[in-house]
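Protein chains: 2
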Amino acid sequence: MALKSFIEVSPDSHFPIQNLPFGIFKPEPASPPRPGVAIGDYVLDLSTISVSGLFEGPFLSGSDCFLQPNLNKFLALGRPAWKEARATLQNLLSGMIIISDEAKLRDNPSLREKSLVPMSKVEMVLPIAIGDYTDFFSSMYHARNCGIMFRGPENAINPNWFQLPIAYHGRSSSIVVSGTEIIRPKGQGHPSGNSPPYFGPSRKLDFELEMAAVVGPGNELGKPVDVNEAGDHIFGLVLMNDWSARDIQAWEYVPLGPFLGKSFGTTISPWIVTLDALEPFACNSPKQDPQPLPYLAEKISKNYDISLEELRNFFCSKRVMIMPSVLRFKSNQLVKKIHVWSQEATSITCKASAPCIAKQEPESYGCLLELTWNGQKSLSLNGATRKFLEDGDEVIFSGCSKGDGYNVGFGTCSGKILPSP
Amino acid sequence: MALKSFIEVSPDSHFPIQNLPFGIFKPEPASPPRPGVAIGDYVLDLSTISVSGLFEGPFLSGSDCFLQPNLNKFLALGRPAWKEARATLQNLLSGMIIISDEAKLRDNPSLREKSLVPMSKVEMVLPIAIGDYTDFFSSMYHARNCGIMFRGPENAINPNWFQLPIAYHGRSSSIVVSGTEIIRPKGQGHPSGNSPPYFGPSRKLDFELEMAAVVGPGNELGKPVDVNEAGDHIFGLVLMNDWSARDIQAWEYVPLGPFLGKSFGTTISPWIVTLDALEPFACNSPKQDPQPLPYLAEKISKNYDISLEELRNFFCSKRVMIMPSVLRFKSNQLVKKIHVWSQEATSITCKASAPCIAKQEPESYGCLLELTWNGQKSLSLNGATRKFLEDGDEVIFSGCSKGDGYNVGFGTCSGKILPSP
Ligand SMILES: [Ca+2]
Ligand SMILES: [Ca+2]
Ligand SMILES: [Mg+2]
Ligand SMILES: [Mg+2]
Ligand code: NI
Numbered sequence: 001m002a003l004k005s006f007i008e009v010s011p012d013s014h015f016p017i018q019n020l021p022f023g024i025f026k027p028e029p030a031s032p033p034r035p036g037v038a039i040g041d042y043v044l045d046l047s048t049i050s051v052s053g054l055f056e057g058p059f060l061s062g063s064d065c066f067l068q069p070n071l072n073k074f075l076a077l078g079r080p081a082w083k084e085a086r087a088t089l090q091n092l093l094s095g096m097i098i099i100s101d102e103a104k105l106r107d108n109p110s111l112r113e114k115s116l117v118p119m120s121k122v123e124m125v126l127p128i129a130i131g132d133y134t135d136f137f138s139s140m141y142h143a144r145n146c147g148i149m150f151r152g153p154e155n156a157i158n159p160n161w162f163q164l165p166i167a168y169h170g171r172s173s174s175i176v177v178s179g180t181e182i183i184r185p186k187g188q189g190h191p192s193g194n195s196p197p198y199f200g201p202s203r204k205l206d207f208e209l210e211m212a213a214v215v216g217p218g219n220e221l222g223k224p225v226d227v228n229e230a231g232d233h234i235f236g237l238v239l240m241n242d243w244s245a246r247d248i249q250a251w252e253y254v255p256l257g258p259f260l261g262k263s264f265g266t267t268i269s270p271w272i273v274t275l276d277a278l279e280p281f282a283c284n285s286p287k288q289d290p291q292p293l294p295y296l297a298e299k300i301s302k303n304y305d306i307s308l309e310e311l312r313n314f315f316c317s318k319r320v321m322i323m324p325s326v327l328r329f330k331s332n333q334l335v336k337k338i339h340v341w342s343q344e345a346t347s348i349t350c351k352a353s354a355p356c357i358a359k360q361e362p363e364s365y366g367c368l369l370e371l372t373w374n375g376q377k378s379l380s381l382n383g384a385t386r387k388f389l390e391d392g393d394e395v396i397f398s399g400c401s402k403g404d405g406y407n408v409g410f411g412t413c414s415g416k417i418l419p420s421p
Numbered sequence: 001m002a003l004k005s006f007i008e009v010s011p012d013s014h015f016p017i018q019n020l021p022f023g024i025f026k027p028e029p030a031s032p033p034r035p036g037v038a039i040g041d042y043v044l045d046l047s048t049i050s051v052s053g054l055f056e057g058p059f060l061s062g063s064d065c066f067l068q069p070n071l072n073k074f075l076a077l078g079r080p081a082w083k084e085a086r087a088t089l090q091n092l093l094s095g096m097i098i099i100s101d102e103a104k105l106r107d108n109p110s111l112r113e114k115s116l117v118p119m120s121k122v123e124m125v126l127p128i129a130i131g132d133y134t135d136f137f138s139s140m141y142h143a144r145n146c147g148i149m150f151r152g153p154e155n156a157i158n159p160n161w162f163q164l165p166i167a168y169h170g171r172s173s174s175i176v177v178s179g180t181e182i183i184r185p186k187g188q189g190h191p192s193g194n195s196p197p198y199f200g201p202s203r204k205l206d207f208e209l210e211m212a213a214v215v216g217p218g219n220e221l222g223k224p225v226d227v228n229e230a231g232d233h234i235f236g237l238v239l240m241n242d243w244s245a246r247d248i249q250a251w252e253y254v255p256l257g258p259f260l261g262k263s264f265g266t267t268i269s270p271w272i273v274t275l276d277a278l279e280p281f282a283c284n285s286p287k288q289d290p291q292p293l294p295y296l297a298e299k300i301s302k303n304y305d306i307s308l309e310e311l312r313n314f315f316c317s318k319r320v321m322i323m324p325s326v327l328r329f330k331s332n333q334l335v336k337k338i339h340v341w342s343q344e345a346t347s348i349t350c351k352a353s354a355p356c357i358a359k360q361e362p363e364s365y366g367c368l369l370e371l372t373w374n375g376q377k378s379l380s381l382n383g384a385t386r387k388f389l390e391d392g393d394e395v396i397f398s399g400c401s402k403g404d405g406y407n408v409g410f411g412t413c414s415g416k417i418l419p420s421p
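So the sequences go chain by chain: V and C.
The opening residue of the first sequence carries number 1 in full-length UniProt numbering; numbering runs sequentially from there.
The opening residue of the second sequence carries number 1 in full-length UniProt numbering; numbering runs sequentially from there.
This is chain V alone, in the form it adopts within the complex:
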C-alpha cells in the first residue's frame, strides 16, 4: 500500500508525500522568505519545523540551514543531509505510522496551524541564489534542427558534439521564478546578408522547454568530479523556460556563443523535485554512441521517466484567452536538456553527460523555432496562428511522473510576454 499523508492529498495532485519538493516561500507578502516543502494544497514551513526541534538526525539537528532565505546552505550539506531531511519529513507527514515520535506534527494542532500554510496564499520566490548557470546542448534533434536553420544541413551538427558535452554559461542574474512577466527584449538583428542590421523589439521571440538540474555541494577549483559521481551533486530538477530571441541570437552568436538573445529572462518552476523522489522513475539511458573517452564513460547511465504531458501554451491576446491546452509533449524519458547550476567554485569537467532524449517527431519539438521552422510556416492553434510569440502570450509548462496511485509532479513554469517599453 502506498505511503499516505495525514493531510488529504487529491489523487491528481503533483505533491503527495512521495514527492516533497523543496522551495522558498513567503506566507504573507511582508514575511521574510523561508524554506518549505509542498504537500498537497499546503506548504510545510521548514523554519517552524526546525525551530520546533523536529529535525533530530545527525546532519540537521542544530543546523540553521532551514532558517535561511534560500536553500543554498541546505544544498551545501550534500546528499546524506538531503536524505535525512526527506526521511524526517515523510515520517512527520505520514498518517500510516503511529509511533508517538512520528505523530509530533499530526497530533499537535498548534504546530500544524503554525507550520502548514495553504499553497493558494503563499508567494513563491527563487529557491536558490544561483552562482553560475550552464546551458547544455543536449538534444541531438534540437542541435540538428537549429544547425540546419542557422548553418545549413552540411554543417548541422559540429563533430565535437558527439565527443563531449557542448555548453555555454548563461546569465544567472536573469533567472526568475515562474509567474514573473517577461519584457520583450530590444536588440540587434540582421535579416539577410546585404541588409544593414536593425535595432528594436525582438521579432522572433521564442520559448524553449527544458529541464534544469540544481547542483548542490559542488567541488573545489581544480578538483574535477568523476562522471560516475556527478549524480551525487545534483539535488533535484526544475522545469525551465529558456526564453530566446532568435533574431538577436542568430546575429550575435558567432564566434562566442549565445549572449543577449538568451539573457533577458529565464524562468524556472519554484519547486525543486529531488532525485530521491524521482528514483522510482529511473530507467536506462540510451547507450552512449559513439563510445566516449574513458573520462566520460558512465558505469551506470540513468535517466528518469518524466512525462511533460501537461505542457500547455496559452496564447492570449489582450487578456482574452484564445485557446486552452494545445501542445502536448510526451517524452518517455528525461531530458531534453540538462542545466547545471553551481553555487560554489567549480570546475567540474562534465557535470551533465546525459545524452539527449528529445524525440525526433515534430510533436516533441520544444520551441517555436522548430515548430514553425524559424517562422517559415505558421502554427495554427484553435483559430489563432503564431510564428513567434506575441505580446500578451503566456507560456505554461508542466511535467509529471506517474507512479502507482500517485504523481511526482513539478507544478508549473509560466511566464507572460509584456511589450518592449
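Take the hints with a grain of salt, since some may be wrong.
Put simply, identical chains are the same to the list, so a pair is met inside one copy or across any two.
Said to hold, decoys possible - Computed list of lysine to any residue pairs in SDA-like fashion (alpha-carbon distance at most 25 Å, straight line):
#1 299 x 137
#2 186 x 396
#3 73 x 125
#4 186 x 297
#5 114 x 13
#6 26 x 90
Honestly, the hints are just simulated from the structure, not real lab data.
Keeping the supplied structure of chain V fixed, place chain C with the ligands upon it in accordance with the hints.
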C-alpha cells in the same frame, strides 16, 4: 602642488592619496575579511573608520556597507556614495589640510594604530561577490589574430563584430584573487581533422592580459541602461588574467562559444582602482567606425590612458627564476578588453561599448597564442623558450597611470601554474 598624505608614500608607489583603490583584506589569517583602501605601504581598515563614525556624509553615515565581507553593499549605493567615500578618505588621509575636522585620523594615535595595517602583513581576498562575469571581444587585433588561427584569414572577423559588442558569459565562481595558484586543467583536444580527440592535461596553456570593469548598482531586468549612462555603473577597474587552455577552447567553442577552456581559473588583481582616480588620465576614444546604430552611439567616448608598462612574465622552473621582466606592454590607452561583472539582475544591452585599443604591433600582443602564433614559433626569453606555459611558470601583470609627481597604479595580478593532479 599635488595632494599629499600625512602617511609617507614613496614616489614610485602605486597607491598615493590620489589613488585610494578599494579592496577586501584580512589583517590576520584568522580575522574576518573587511573593506580597506590602499595608501602607500598600508591598508586603511574601513570597518574601523566606519565604526569610529568618520563617514559623516549623507550617503554613508549610518550605513553598514563597510562592515561587510565584500564591497557589494557599497557598490550598490552608486556613484554619489562612491564620490563621498573618496572625498572623506582623501580628507582624513591628507596632510595638507589642518582643519580640525580633517585631522581626526592624523592626530589620533590610537585610531591610526587600529586602522592602518602594514600591507606586507595582510591577506587580500576577492573584493566582491561576483554575480555574473562577461568577457568582451574588444580588441580588433586580438579578434583578427584569433580568427586567422581558428578559422583562417577569409573568416577572421565575423561581420557582427563591427556592429555590436560581441561577448560571452564566463564562469563567475572560478574567478580568483591574485596569488592563487592555477592548476593546469585536463580536458579534450582534437589536434587535426582525422585524428581522434584526446583527454589529458592541456597542452596549450596560455594567459590573456585584460582589464576588467567592476559594475556597481546594475539595473532591473528589462530596463536597459543607456549607453551614455553606462559609465556611471562602473565602479572601477582591475587587472585580469583570463587563463586559457587553447587546445580545449579550439575544439569545444563551435557553436556555443568558449566554455571549459576558459573556466578553470581567472585571476584578478585585488585592488579596484576607481574611475574617479583614473579621471585625470581620461582621453578621447578613437572614433566609432563604422558609425554604430543610434542605441550604441556615444555622445562622449572616453578612454583612460593606462600604461601596462610593468607587465612581466616570469617563467620559473622548480622555483628557480629563469628571467626577470621580459615583456613590456606599452599601450597608450586602455582597454585591451573590457569585462563587466554585474552583481544584480541585469540586462544591460550594452555595458561596455569601448572600442578596442590594443595596438597592432606584435610587441603589444597580450597572450602566447598571438606571441607564438598558436605554438608555431617559440618565444625566446633569456635563454629559455616557450610556446605555451609550463608547470611552475608564473605570470605577473602590472599596470599604472603616471600623473604629475604621482602614480595611479593597479599593483600586480599574478598566478603560478601547478601541474594537473
Ligand atoms: Ca537552451
Ligand atoms: Ca578573453
Ligand atoms: Mg538556456
Ligand atoms: Mg575572459
Ligand atoms: Ni558562451
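Fill in: Within, between, both or neither: residue 186, residue 297 at alpha-carbon 25 Å
between (42 Å within a copy, 16 Å between copies)
Discussion item. As a check of your reading, is residue 186 near residue 396 (CA-CA no more than 25 Å) within one copy, between copies, both or neither?
Written reply: Answer is within: at 23 Å inside a copy they meet the 25 Å cutoff, but 41 Å across does not.
Worksheet item: How would you label the pair residue 73, residue 125 (within, between, both, or neither) given a Cα cut-off of 25 Å?
Response: both (16 Å within a copy, 22 Å between copies)
Discussion item. Please sort residue 114 with residue 13 into within, between, both or neither, judging by C-alpha distance up to 25 Å.
Written reply: So residue 114 and residue 13 pass the 25 Å test inside one copy only (23 Å; across, 61 Å).
Item to complete: Evaluate residue 299 and residue 137 at a C-alpha cut-off of 25 Å and name the case that applies: within, between, both or neither.
Response: within (22 Å within a copy, 40 Å between copies)
Worksheet item: Are the CA atoms of residue 26 and residue 90 at most 25 Å apart within a copy, between copies, both, or neither?
Response: within (22 Å within a copy, 45 Å between copies)
Going through the hint list in order, the structure satisfies each hint without exception.
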